[in-house]
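*Asks:* All chains should be modelled from the sequences, with the hints used to inform the complete structure.
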Amino acid sequence: MRVLASGLAVFFAGAVLTLAAADDDQTGRAMEQIQKYRQMLQDGNPADLLEMRGEQLWVTPRGPSRATLEQCDFGLGTGKLEGADAQLPRYFADTDQVQDVESRLVTCMMRLQGLTREEATASWYLPDSDLAALVTFIAAKSKGMPIRVPTAHRKEARMHAIGRELFFRRSGPLDFACATCHSQDGRRIRLQELPNFLDRKDAQASMVTWPAYRVSEGTVWTLEHRVTDCFRQMRWPQPEYLSDAIVALEVYLRKQADGAIMDAPGIKR
Amino acid sequence: MRLSANAIVFVLVSASSVAAADKAAVSNTEATMRRSFSTAMPDDWKARLKQDEVQALCSQYRNNPPPKITARILASQQRTLRYPPGGKMIGDWREGEKLASIGTGGQLSAIRPEVPGAPRGGNCYACHTLASSEVAAGNLGPSLTGFGKMRGTSPDAVKRTYEQIFNVQAFYPCSMMPRFGHNGWLTPEQIADAVAFLLDPQSPVNK
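These protein sequences, in sequence, are chains A and B. Following our numbering from start to finish, the first sequence increments by one per residue and tops out at 269. Following our numbering from start to finish, the second sequence increments by one per residue and tops out at 1207.
I should point out that these hints are in silico values taken from the structure, not numbers from a laboratory. Treat each hint with caution, since some may be false.
[As the list claims (entries may be wrong)] Heads up, incomplete: computed chain B residues facing chain A, CB under 10 Å, no partners named:
| hint | residue |
| --- | --- |
| 1 | Gly-1105 |
| 2 | Ala-1110 |
| 3 | Val-1115 |
| 4 | Ala-1137 |
| 5 | Leu-1144 |
| 6 | Phe-1147 |
| 7 | Phe-1171 |
| 8 | Gly-1184 |
| 9 | Thr-1187 |
| 10 | Glu-1189 |
[To be verified] According to the in silico footprint, chain B covers these stretches of chain A (three or more CB under 8 Å from chain B):
| hint | segment |
| --- | --- |
| 11 | 155 to 167 |
| 12 | 173 to 181 |
| 13 | 235 to 248 |
[To be verified] Pairwise CB distance ranges (calculated):
| hint | chain 1 | residue 1 | chain 2 | residue 2 | range |
| --- | --- | --- | --- | --- | --- |
| 14 | A | Glu-118 | B | Asp-1022 | 51 to 61 Å |
| 15 | A | Gly-79 | B | Ser-1038 | 45 to 55 Å |
| 16 | B | Lys-1207 | A | Glu-118 | 50 to 60 Å |
| 17 | B | Glu-1189 | A | Ala-122 | 42 to 52 Å |
| 18 | B | Gly-1117 | A | Ser-216 | 21 to 31 Å |
| 19 | B | Ser-1133 | A | Gly-79 | 53 to 63 Å |
| 20 | B | Asp-1044 | A | Glu-118 | 25 to 35 Å |
Since the model is a prediction, treat every value here as computed from it, not as a measurement. For glycine and all other residues, C-beta sits at the position ideal for the given N, C-alpha and C.
*Replies:* Encoded structure:
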C-alpha cells in the first residue's frame, strides 16, 4: 500500500508539474489539492470489504446444483486463482471464446452452479453486486504479478486487433472515439486527468488498479463496468453485458499495459 | 480567413505513430459492434453506431488522413454549413456561457439513465479554458481565453467563428472536436450564442 501511495504520488506529482507549467496558478493549485486528496484516499480502501465478501461467495454452495465456484477454471487450471486475473482476457476451449474475468465467472455460475444467464447477470451493475465482489476477490489474487494478456491463439489475436480498431472508432453525435480523450499526454476533461492509453506508462498506471473502489460511486467498479460507462459518456448506446466489443477493448487496454504489476483492487476518484 | 496548408498539417499530426487500419480488421470490428448491442434497440440508438463517411475515414487514418482524403473531407464538410434563419450569427453571450458549462444531454444508458429533461449544452469547458475565472477547465483543446480580444466582431470574424463551431471539419479534417451544428447537437441559434460568448467584448472570455 505504501509503495503504491508513493508511486502514485510521484506519478501525480509529475502530472501536476507538467500541467502547472502550462496552466495558471489557480488551476495548478486546484490540481495540487486533488493530488493531496488522492494521496489521502490510499489510507484504507473500502474495496477490501467487498473482497472479503467475494471470498465468501467463492466457497458458498448456490443454485440448483448446490455447488461452490471452487472448480472454476480461469485459464491456469481448475480452482487456480493466483495470477489468473493478470492473464485475462484469454481464449477458453470449452466455450470457444475469448473471455474476461466476469464472463468466465458467469460461465462457471451457469455450468457449475446451474444458474441461468439471467440469474447470474441480472444485478451485475448494482452497487456491491455478487459479480463485483467475486471480481474484486479474484483480482486481489494477482497482486504483485505482471499483466500478461496472451495473444498467441488466433481468436486472441483477432480480439486484440478488433479492440485496437474500436479504440479509434469514431461515431455518434459527438464524433467521439476512445482515442478522442485517451490518445495524448497530459490531457484532462475539466480537472479530471486522462490516461493516454497509447503511452505505456499511463496505460500501466491505469490498468493495474482495476477493479477499483470509485469514491464518486461509493462502490467497486470492474473494468467492464468502467468501459461500459465510457460508452454512455461518448453518447453511444449501452453495449450488452459481456459482449465482444467490451472484451475486445479490455484485451487491447490490458495489452497496452503489458508487464505492469497488478495492484488491485485500487481506489479511484 | 483561409488556412495555410501548413496550419492544416500541423493540426492533423496525431500524437501517435499508429499505422492506418487494414480492411479485414475494420470489417471484423463492424461485425463485432453489430452483435454487441441488443437488436431490440430503437432505431435512433442504432443510428449512433453507424459511422458517416467522415467518421469512418478519420477512424481508419487515426485522424491523420493523407492529402487526397483531407481535401475530400474539407470539400464535403464545407458543403454542410447551415446558418440561423435571418442570418444573425452572433447571439447572447450569457446564453452562450450557460451552454459552455452544461455537460449533460443525449446519454443512452439503461443502467444509469439520464435525468429526464437534462439540458443539452456544448460542454465547452470540458476541453477548453474560456473565462479565466473558471478554474475547472480542460485542456483537450486550445485555450480560448481572450478569443474575442484578438479577433473582434467584424462580420468575417463572426462568420468564421460560427462556421467552425457548426462544423470544425470544414476547416480541420478529423479534428477531435464534435461537429456541433452538422450533427444536430446544437441549433444554429445556440451556436450563435456560443459565438457571442467567444467574441462579445462584454463576455467574461474577453475580460
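*Asks:* Enumerate the violated hints, using their earlier numbering and listing them in ascending order.
*Replies:* 3, 5, 6, 7, 9, 10, 14 and 15
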